[in-house]
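Participant: For the protein sequence lines, the chains are P and G, in the order given. If you read the first sequence in this note's numbering, its first letter stands for residue 1, the second for the next number, and so on. If you read the second sequence in this note's numbering, its first letter stands for residue 1, the second for the next number, and so on.
Since the hints were derived computationally from the structure, they do not count as laboratory data. Quick reminder that beta carbons are idealized off the backbone N, C-alpha and C, glycines included. Hints are not guaranteed to be accurate.
Covered by chain G, per the in silico footprint, the following chain P stretches (three or more residues, Cβ under 8 Å) [as the list claims (entries may be wrong)]:
no.	segment
1	14 to 23
2	32 to 46
Mimicking BS3-like on lysine-lysine, the simulated pairs with C-alpha atoms at most 25 Å apart in a straight line are [stated by the list, open to error]:
no.	chain 1	residue 1	chain 2	residue 2
3	G	K138	G	K33
4	P	K73	P	K290
5	P	K129	P	K110
6	G	K50	G	K138
7	P	K199	P	K248
8	P	K167	P	K234
9	G	K145	P	K58
10	P	K40	G	K150
11	G	K86	P	K40
12	P	K51	G	K145
13	P	K246	P	K234
14	G	K213	P	K40
15	G	K33	P	K40
16	P	K73	P	K317
17	P	K199	P	K73
18	P	K167	P	K154
19	P	K234	P	K199
20	P	K51	G	K138
21	P	K167	P	K69
22	P	K328	P	K246
23	G	K90	P	K40
24	P	K51	P	K40
25	P	K290	P	K234
26	G	K90	G	K26
27	G	K90	G	K33
28	G	K150	G	K33
29	P	K58	P	K69
30	G	K213	P	K51
31	G	K138	P	K40
32	P	K246	P	K199
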Amino acid sequence: MVYLNTLQSADVIVFVLAGLMIIILLFGFILYFLFTYRHKQRDFNLLQTQKDEIDNQKQLLETTLHDLKLTQKQLIQSEKMASLGELTAGIAHEIQNPLNFINNFSDVNKELLTEMNDELDNNNLEEAKAIANDIIENEEKINHHGKRADGIVKSMLHHSRSSSGVKEPTNINILADEYLRLAYHGLRAKDQSFNATLKTNFDDSIPQIDIVPQEIGRVILNLITNSFYSVSAKSRVEGSTSGDDKYKPTVTITTKYVKLDNSALKKNQSTVRISVHDNGNGVPNSAIDKIFQPFFTTKPTGKGTGLGLSMSYDIIKAHGGEFQVETKEGEYAEFIITLPT
Amino acid sequence: MTADIYDVFYYCSLLLSAVTGCYFYKKIETPYKWLTILLVFTLVSELIAKFIAYGMGHPNSIVYHIFTPIEYTLYVTIFLHFIQQKKWNKLFWLSAVALLLFEIVNTLFFQSLQETNTNTMILESCLLVCLSLLLFLKIRETPSKRNILKEGIFWFNSAVICYYSFNIIIWGFHNMEVYMLDNPPQFIYDFNMILSGLLYLTYLTAIFLNTKKSSEIA
Chain P
1 MVYLNTLQSA DVIVFVLAGL MIIILLFGFI LYFLFTYRHK QRDFNLLQTQ
51 KDEIDNQKQL LETTLHDLKL TQKQLIQSEK MASLGELTAG IAHEIQNPLN
101 FINNFSDVNK ELLTEMNDEL DNNNLEEAKA IANDIIENEE KINHHGKRAD
151 GIVKSMLHHS RSSSGVKEPT NINILADEYL RLAYHGLRAK DQSFNATLKT
201 NFDDSIPQID IVPQEIGRVI LNLITNSFYS VSAKSRVEGS TSGDDKYKPT
251 VTITTKYVKL DNSALKKNQS TVRISVHDNG NGVPNSAIDK IFQPFFTTKP
301 TGKGTGLGLS MSYDIIKAHG GEFQVETKEG EYAEFIITLP T
Chain G
1 MTADIYDVFY YCSLLLSAVT GCYFYKKIET PYKWLTILLV FTLVSELIAK
51 FIAYGMGHPN SIVYHIFTPI EYTLYVTIFL HFIQQKKWNK LFWLSAVALL
101 LFEIVNTLFF QSLQETNTNT MILESCLLVC LSLLLFLKIR ETPSKRNILK
151 EGIFWFNSAV ICYYSFNIII WGFHNMEVYM LDNPPQFIYD FNMILSGLLY
201 LTYLTAIFLN TKKSSEIA
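Please model the entire structure based on the sequences and the hints provided.
Facilitator: Shown next, in the form of structure tokens:
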């Protein structure tokens, strides 16, 4: 019994000591946990605040980006409409020619029909038949020129409309020629004194290539307009010169089919090269690195948006092509587009 | 008479926490719903045990042999809901299966249905202390903006780690006493009753804090 009591007392002490130790340990542990937790919580809250701030900034940036994209779209549209404005005179000129033909031939037909009536009254059937044949020929011409005018109007509408982005087989020579003439007549309508020699070196072996015609047309138009602007500016400065040294503004558009049969790569790497060369003022050396940047322009305020070459560059890149410029300040500028076939 | 007071305290706190849990059942988060289920299950088990002991006059140890593995399984569910990391799922459930197997082996070879399954209780307590430490780590890794003392999870976890740490000592001491003596001192069991009562009161606090948190979020 004594042994039992002794044992129980000793065990109680052990139990109490163990209990105390556990209490101290747990208390220490919980205090340590609370301390480290508070520390972490402070860091976490700071991080959370920073994250919220970053989120806000991100949201703001996204809104700004959205606004910028919207503005860019509007600018592209206005640039397109501006180029259309430049074309208007050219288009009017282009439509005027077939309309003149149509008017003239319809007048002739009117006279021929009166003549035919007279011949029929005189029972001169042979003569009436010959006149009828002439009328038919004239009608065919009227129809041909009517279709030409129709084509011009359609291509104008095509240009002003938003691009569908769908590539279609296109004859690059016809496209380049069309825009060259439109741009020339457009400028002539605005400035009667402007005159330039237009040279075309079209490679007839170029097959139809898959491009978005409105977009590539816009690029060609942009380059030609720039060239005209450059030669026109130089012409105004050097206009007083006479004799053999007299400055002759010349714009040359060249197309070339470059066929590279690379059997090692087992693929056809043919390309089409379109270059627009002018003997204008060229691009200043200080501006050469910036000409493809949006909103960069060497033209006076209000004369250019600075988006033409930038947009052209984007269009050519989107077609998987290359855009190069070769220039000598005061002598010439040549913009070269290379498109894959 | 003193033992009766401890009993009253224990049963009152258990009943109060179970009723509170049931009352706020729809308002509280999932782990607290499982905690309420555990409290109700504990209350029912204790009542059955009481009935077997005093109503039928038989040893009620069998109830604890069944209760312990189920209680641990419910705790595992609660902890998994708190931790919310799939990588722990397997390990947690494996520990529940291990405890069940241990209980079977313990019943067959060491502590029969006529004896209290203190070996299983000790193992359960060790496992719960581990789970609690893990949860503390998780809480610290992902701190919330709220004051930690207003979080139910903190009180629940503190209660688990305190109660089950003492449980290891209490049942370890009990084992030693039982095997060395015929009549182990009563104060150990009274102490256990007080701790259990405090445990359930802390659970009640945790549930109550969670209802407040749910209201704030709503």
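Participant: Decide, hint by hint, whether the structure agrees.
Facilitator: Hints, verified against the model:
1. 14 to 23: holds (count 5)
2. 32 to 46: Coverage by chain G holds here, the residue count being 9 at a Cβ distance below 8 Å.
3. K138(G) - K33(G): holds, 20 Å
4. K73(P) - K290(P): Measuring from Cα to Cα gives roughly 21 Å; hence the hint holds.
5. K129(P) - K110(P): holds, 16 Å
6. K50(G) - K138(G): This hinted pair is violated, its Cα atoms lying about 38 Å apart.
7. K199(P) - K248(P): holds, 12 Å
8. K167(P) - K234(P): Violated, at about 38 Å.
9. K145(G) - K58(P): OK: K145(G) and K58(P) at ~23 Å, within 25 Å.
10. K40(P) - K150(G): holds, 17 Å
11. K86(G) - K40(P): holds, 24 Å
12. K51(P) - K145(G): holds, 14 Å
13. K246(P) - K234(P): Satisfied, since the Cα-Cα distance of roughly 12 Å is no more than 25 Å.
14. K213(G) - K40(P): Distance ~21 Å between K213(G) and K40(P) Cα, so the pair holds.
15. K33(G) - K40(P): Judged against 25 Å, a Cα distance of about 29 Å means the pair is violated.
16. K73(P) - K317(P): holds, 18 Å
17. K199(P) - K73(P): violated, 34 Å
18. K167(P) - K154(P): Cα-Cα ~18 Å, so holds.
19. K234(P) - K199(P): Given that 25 Å is the threshold and the Cα spacing comes to 18 Å, the pair holds.
20. K51(P) - K138(G): holds, 21 Å
21. K167(P) - K69(P): holds, 24 Å
22. K328(P) - K246(P): Between K328(P) and K246(P) the Cα gap is close to 19 Å, so the pair holds against 25 Å.
23. K90(G) - K40(P): violated, 29 Å
24. K51(P) - K40(P): Holds: K51(P) and K40(P) sit about 16 Å apart, inside 25 Å.
25. K290(P) - K234(P): holds, 22 Å
26. K90(G) - K26(G): Given pair K90(G), K26(G) is violated - Cα atoms ~29 Å apart, limit 25 Å.
27. K90(G) - K33(G): It holds: about 22 Å lies between the C-alpha atoms, which stays within 25 Å.
28. K150(G) - K33(G): Given that 25 Å is the threshold and the Cα spacing comes to 18 Å, the pair holds.
29. K58(P) - K69(P): Given that 25 Å is the threshold and the Cα spacing comes to 16 Å, the pair holds.
30. K213(G) - K51(P): Holds, because 24 Å separates the two Cα atoms, which is no more than 25 Å.
31. K138(G) - K40(P): OK: K138(G) and K40(P) at ~12 Å, within 25 Å.
32. K246(P) - K199(P): holds, 18 Å
Hint compliance for this structure: hints 6, 8, 15, 17, 23 and 26 are broken, all remaining hints hold.
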